[in-house]
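For reference, the chains in residue letters:
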Amino acid sequence: MPTTTPTVELTDLTKSYGAVTAVAGLSLRIRPGEVVAFLGPNGAGKTTTIDMLLGLARPDTGTVRVFGDSPVDAVALGRIAAVMQTGGLLKDMTVAETVRMTANFYPHARPVAEVLDRAGIADIADRRVGKCSGGQQQRLRFAMALLPDPDLMVLDEPTTGMDVAGRRDFWTAIRRDARAGRTVLFATHYLEEADAYADRIVLIRQGRIVADGTTAEVKNLAAGRLVRATLPGADQVRLAALPGVESVEVRGDTVLVQASDSDAVARHLLTATAARDLEITSRNLEDAFLTLTTGTPTDDLQGSLR
Amino acid sequence: MTTTDTRTDSAVTGTDASTRRRPALGGFNLPNLLLEIRRVLRNRRTLVFILIMPAVFFLLFGLPNRGQTLEGGAQATAYIMISLAVYGAMVATTSGGAMVAVERAQGWSRQLRLTPLRPAAYVATKVITAMVLGLLAVLVEFAVGVFSGVSLPMHVWLLAGLAAWLGSLVFAAFGLFVGYLAPAENVMQFLGPILAILAMFGGLFVPLEVLPHVMQEIARFTPVYGVGELARSPLTGSGDTATAVLNIALWTVAFGFGASRLFRRDTTRV
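Chains A and B are the protein sequences, given in the same order.
Take the first sequence: its position 269, counting from 1, is numbered 269 in full-length UniProt numbering, and each next residue is one higher.
Take the second sequence: its position 74, counting from 1, is numbered 74 in full-length UniProt numbering, and each next residue is one higher.
The following block holds chain A by itself, in its conformation from the complex (with noise of 0.2 Å):
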């Protein structure tokens, strides 16, 4: 696709609500197709900054482009939808009817039958909105962020709330629609959604971006990798000195060794030395996420992968 304008270009945002600073000079850029998590604590500025995205508050300073253009401008042409996290449904109406107001605001919407279909909810298009549970109103706002078509779709913590076969189930119906090549963002604190299901994460933490790249990229910057082999006699002076080694341990035949940069060690390991049985086991993003958002300021870690 020709096309050399950033789906969402976030610059240099800030926020406060009274003494709280909420975000705190956030710049994002997103190109067309990605899927990106949102990943932080509760409280991290996520909400915030989706918020500040979508021109439901406007940023203290900085600014929000979105297809280059303001997020207003971008919601009124239905080129940007979202799920929220909770209320914004009228308890009285039917599935099908809030589907169908929703419907009517735009000139070129998707049919109603298409997109109860498309989130599953097909079969429920008559019940009120108030007896359904919290994973069919989550899917109902799926099903009504269809509707435009848009290029761009934003999940604020869509799974809050639900059980599992009700996550699984949203995440599904999010999946099918994914291979389209929309663009989608979403903000989560399960980091296991964030694992399966974005193809790069970027990490907040106190209104910052504190980590931001692919899922494994994300993993290692925090946690590194452990490499393990067999190896009578390591020279753990030598392996100390590769780049990216963070520690070195030897235990009886076995050699381990912590890296950021598992690669080098390997190739080190399997063609400069007689290793053998090697393997290399990556922390799970669990370890990384509370590496990075607990741990003391990590503004270093910032940039250092884009």
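Just so you know, not all the hints are guaranteed correct.
[Stated by the list, open to error] Label-pair ranges, simulated between beta-carbon atoms: (1) Ala-24(B) - Asp-60(A): 57 to 63 Å; (2) Phe-190(B) - Thr-86(A): 53 to 59 Å; (3) Arg-264(B) - Gly-134(A): 31 to 37 Å.
[Claimed, not checked] Incomplete in silico selection of chain B near chain A, CB under 7 Å: (4) Thr-15; (5) Pro-23; (6) Leu-35; (7) Arg-110; (8) Leu-114.
I should point out that these hints are in silico values taken from the structure, not numbers from a laboratory.
The C-beta atom is built at its ideal place from N, Cα and C for all residues, glycine as well.
Starting from the known structure of chain A, fit chain B onto it as the hints suggest.
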């Protein structure tokens, strides 16, 4: 525009950006207006308060006065019927306007900001729905009157009905004002008693003449007074219609201004 099934073949984009446009009239449309009206009409509580209660009031308090006439020869039952039609209309339009309180409380207003609907189109839908409800309240009360033996010249039916209905625009504005003031789902529960007190000052339950003089003087400045006087003037042939119209105009402007200020605060919030 041919967007049919561009999705299934993993196309990069679905709807072509160049074909996207904004809705006409800021998103105001007839199907949604009808949907709104249907929503209100299937709310049992609303129906009881705006259609059934004023009718029951008439049967309880109007019918016992059957056969009596007022000074000037008008039927007492007609006087009471018109007063209660105004009452029904004001409760109807207030609750119509106050629907924004419920929808703000449920977060629907915020959801609408993620659609192309312009806030002004939203308010227009609410006001028209409120006025349709008000018209219905007047018609029901008049129908109960007809079946109970109220007979009036055609022009009195028409003028009184129009005054009761159009005058209730004050309360559509009042409902909006309260709706933007207090986002509460039970807003009508505290508005009900307020409306009853206002109705009393408007002479809708008992003629103002039976109230103490001080009360009568205060009543002239309250918002129901104008519409009550105006609606009954075709029947009684008396009443200060100029003051009544001024009262209606001033209160409509006051509530409308208040509502638009709060509305602006609401839509530009944060």
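So which hints don't hold here, by number, going up?
-> 1 and 2
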